[in-house]
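Starting from the given sequences, assemble the full structure and let the hints guide the process.
Residue numbers (the numbering used here), protein chains in the order written: chain A, 9 to 191; chain B, 9 to 191.
You may find that some hints are simply not true.
What the hints assert, rightly or not - To spell it out: a stretch of chain B is covered by chain A in this simulated footprint if at least three of its residues, at any positions, have a beta carbon under 8 Å from a beta carbon of chain A; those stretches are:
| hint | stretch |
| --- | --- |
| 1 | 13-26 |
| 2 | 40-48 |
| 3 | 111-118 |
| 4 | 134-145 |
Hints listed in this document are in silico derivations from the structure and should not be mistaken for laboratory results. Beta carbons are placed, not taken as given, at the ideal position from N, Cα and C, and that holds for glycine.
Protein chains: 2
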Amino acid sequence: MEETIKTLGILKARHFCVRLDAVRLRNGKVTERIKVDHPEAAAVLAFPDKDHILMVRQWRYAIGAETLEIPAGKVDPGEEPQACAGRELQEETGQRASRLLEIFSYYPAIGYANEIIRIFMASGLVKVSGEDGNEISAVEVVEVDRVHDMIMSGRICDGKTVIGLSLFKAKMERGEIPDNFFV
Amino acid sequence: MEETIKTLGILKARHFCVRLDAVRLRNGKVTERIKVDHPEAAAVLAFPDKDHILMVRQWRYAIGAETLEIPAGKVDPGEEPQACAGRELQEETGQRASRLLEIFSYYPAIGYANEIIRIFMASGLVKVSGEDGNEISAVEVVEVDRVHDMIMSGRICDGKTVIGLSLFKAKMERGEIPDNFFV
Chain A
9 MEETIKTLGI
19 LKARHFCVRL
29 DAVRLRNGKV
39 TERIKVDHPE
49 AAAVLAFPDK
59 DHILMVRQWR
69 YAIGAETLEI
79 PAGKVDPGEE
89 PQACAGRELQ
99 EETGQRASRL
109 LEIFSYYPAI
119 GYANEIIRIF
129 MASGLVKVSG
139 EDGNEISAVE
149 VVEVDRVHDM
159 IMSGRICDGK
169 TVIGLSLFKA
179 KMERGEIPDN
189 FFV
Chain B
9 MEETIKTLGI
19 LKARHFCVRL
29 DAVRLRNGKV
39 TERIKVDHPE
49 AAAVLAFPDK
59 DHILMVRQWR
69 YAIGAETLEI
79 PAGKVDPGEE
89 PQACAGRELQ
99 EETGQRASRL
109 LEIFSYYPAI
119 GYANEIIRIF
129 MASGLVKVSG
139 EDGNEISAVE
149 VVEVDRVHDM
159 IMSGRICDGK
169 TVIGLSLFKA
179 KMERGEIPDN
189 FFV
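See below:
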């Protein structure tokens with residue numbers, strides 16, 4: 009394991025904080041580690057039918073570009089990840105889901121962040137409100153096969169979207185998605 | 009797009025830095041964004057034969073746990089990502105690869121980091137040195153099918169390992185890996 013010697017600096021944002029720590033490695037050497045202390049997040053593959061998912065276009069400040077991704081967001085304090093998935097889906101697309109199923113959880117940036125992203129599938133969608141005008145510029149219904157093609161050709165390069173679609177396909181092939189999920 | 013108003017704080021580590029910026033959203037509202045300014049990284053699926061890959065056990069400070077992952081690391085200034093993949097493979101496992109093939113690039117943490125991870129396949133492995141004693145506690149040869157099972161059962165939850173294996177399988181199914189790559 010690696011032992012914290014001391015915190016050299018800290019940067020606090022509204023929802024998470026970043027620390028720079030001096031750390032002792034397993035062989036005794038000393039180095040620095042950045043640690044982004046981040047809440048859990050939830051992402052959603054939302055199916056209007058079994059061949060399509062909802063995707064959102066949004067500006068990503070960290071990379072300075074607009075992307076096409078599955079809806080996602082940070083879990084609020086005290087909120088269950090599944091409730092967060094439903095809330096973020098509704099906030100970003102205006103759609104409420106009657107069924108949510110967790111299919112995978114992972115660490116996106118294990119080298120410097122403790123964030124866990126939990127990926128859900130959603131179905132039974134009903135339009136209940138408008139789309140988010142703060143961060144989302146468009147909501148699109150995209151064929152699952154087309155999303156896969158866009159990943160394979162490098163046009164979609166958002167990690168959670170790639171993992172969500174890949175794990176959905178693997179679980180379908182293994183018969184691990186209930187037959188009645190899309191009904 | 010989102011416009012930077014000013015930087016509120018900054019945290020500099022040896023290889024990257026983190027900024028907290030005040031930002032104007034597309035609808036005029038003001039919010040804060042964390043941006044981890046991170047160099048590119050390379051990760052390697054290294055095949056001693058076509059059914060096995062090399063994996064490393066290492067302590068991950070950010071999550072406080074030991075993990076099983078594919079070898080990876082940050083690209084040095086002026087270094088090509090492919091050279092980085094070969095260097096990190098050799099540093100972490102002691103194996104030099106005669107063939108390296110880039111199969112995918114993605115943003116692991118698009119919400120707060122500009123890091124791009126480029127995933128390579130490697131073959132033609134030759135043992136040329138010892139393993140890294142600083143950060144790696146063990147190098148393991150693991151069957152590809154077993155890695156897939158460990159992902160599906162949630163025992164492997166490192167994003168780049170999940171994406172590397174998923175994209176490798178998808179490219180094999182599509183016939184996009186050259187027949188002679190493993191020879």
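Against the structure, the hints come out as follows:
With a threshold of 8 Å between beta carbons, the proposed coverage of the stretch 13-26 of chain B by chain A holds, since 8 of its residues qualify and at least three are required. Remark: the stretch 40-48 of chain B is confirmed as covered by chain A, as 6 of its residues place a Cβ nearer than 8 Å to a Cβ of that chain, reaching the required three. As drawn, the stretch 111-118 of chain B meets chain A at 7 residues by the rule of a beta-carbon pair under 8 Å; at three or more, the given contact holds. For the stretch 134-145 of chain B, the stated coverage by chain A is satisfied: 4 residues place a CB nearer than 8 Å to a CB of that chain, which reaches the threshold of 3.
Of the hints listed earlier, there is not a single one the structure fails to meet.
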